[in-house]
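Residue numbers (this note's numbering), protein chains in the order written: chain V, 12 to 116; chain P, 12 to 116.
A hint or two may mislead.
Chain V regions said to be covered by chain P (calculated; three or more residues, Cβ under 8 Å) [to be verified]:
| no. | region |
| --- | --- |
| 1 | 57-71 |
| 2 | 103-114 |
Listed next, the stretches of chain P that the computed footprint assigns to chain V, with coverage defined by at least 3 CB atoms under 8 Å from CB atoms of chain V [claimed, not checked]:
| no. | region |
| --- | --- |
| 3 | 18-28 |
| 4 | 57-66 |
| 5 | 99-113 |
Think of the hints as simulated: they come from the structure by calculation, not from any bench.
Quantities reported herein were computed from a predicted structural model and do not represent experimental measurements.
Ideal Cβ positions, reconstructed from N, Cα and C, are used throughout, including at glycine.
Residue strings, one per chain:
Protein chains: 2
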Amino acid sequence: MIAHTPEPPYYAVIFSNIRTDIEDGYKETSMEMVTLATQQKGYLGHESARNDLGITISYWDSLESIRIWKQQTDHLLAQRMGREKWYSAYKTRICVVQRDYAFGL
Amino acid sequence: MIAHTPEPPYYAVIFSNIRTDIEDGYKETSMEMVTLATQQKGYLGHESARNDLGITISYWDSLESIRIWKQQTDHLLAQRMGREKWYSAYKTRICVVQRDYAFGL
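Taking the hints into account, I'd like the entire structure generated from these sequences.
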């Protein structure tokens, strides 16, 4: 569940979001987007948790890989449906991971 | 719930963790650490969610603020108890947030 990422530097996209109460394809599309992300060039892993707030972090090898994933056709459609139906608010943060350390991994 | 952070660049500490089944002061200490963090110099906000995986992200104005918070006495004690009792595994990632964008905020 904790992503096995390489030595820094690498990149993280933090997606913090609040859901509407509209289900309508949300779960299916979420799962499809995870599958699709894992197939993208430069994908390194992801982590996800949700209570009232949802947090999904995906890890990438470069800003170019993030840019291509953001523009992927099915992902663009999912982003639009996210704004129209599934999310009342979100914030996306593009980060460089400079340093990391672990316990018990 | 979504942190109101300033214009990038700023810093993020992503703490991805898996709990043991030991409660013993976990909730109390978690709440104390949140309170304490909000009082630190350079603290900008935090976000948290948990299912099987827990993710807590704190946002900071500089690496120096993160360093001081990591070394804060009560926080050092909480980190030690975390390793001894509350977490079976965790990964901490120190990041620079380079870019962000929001919807519905």
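(request) Provide an ascending list of the numbers of those earlier hints which the structure does not satisfy. (result) none
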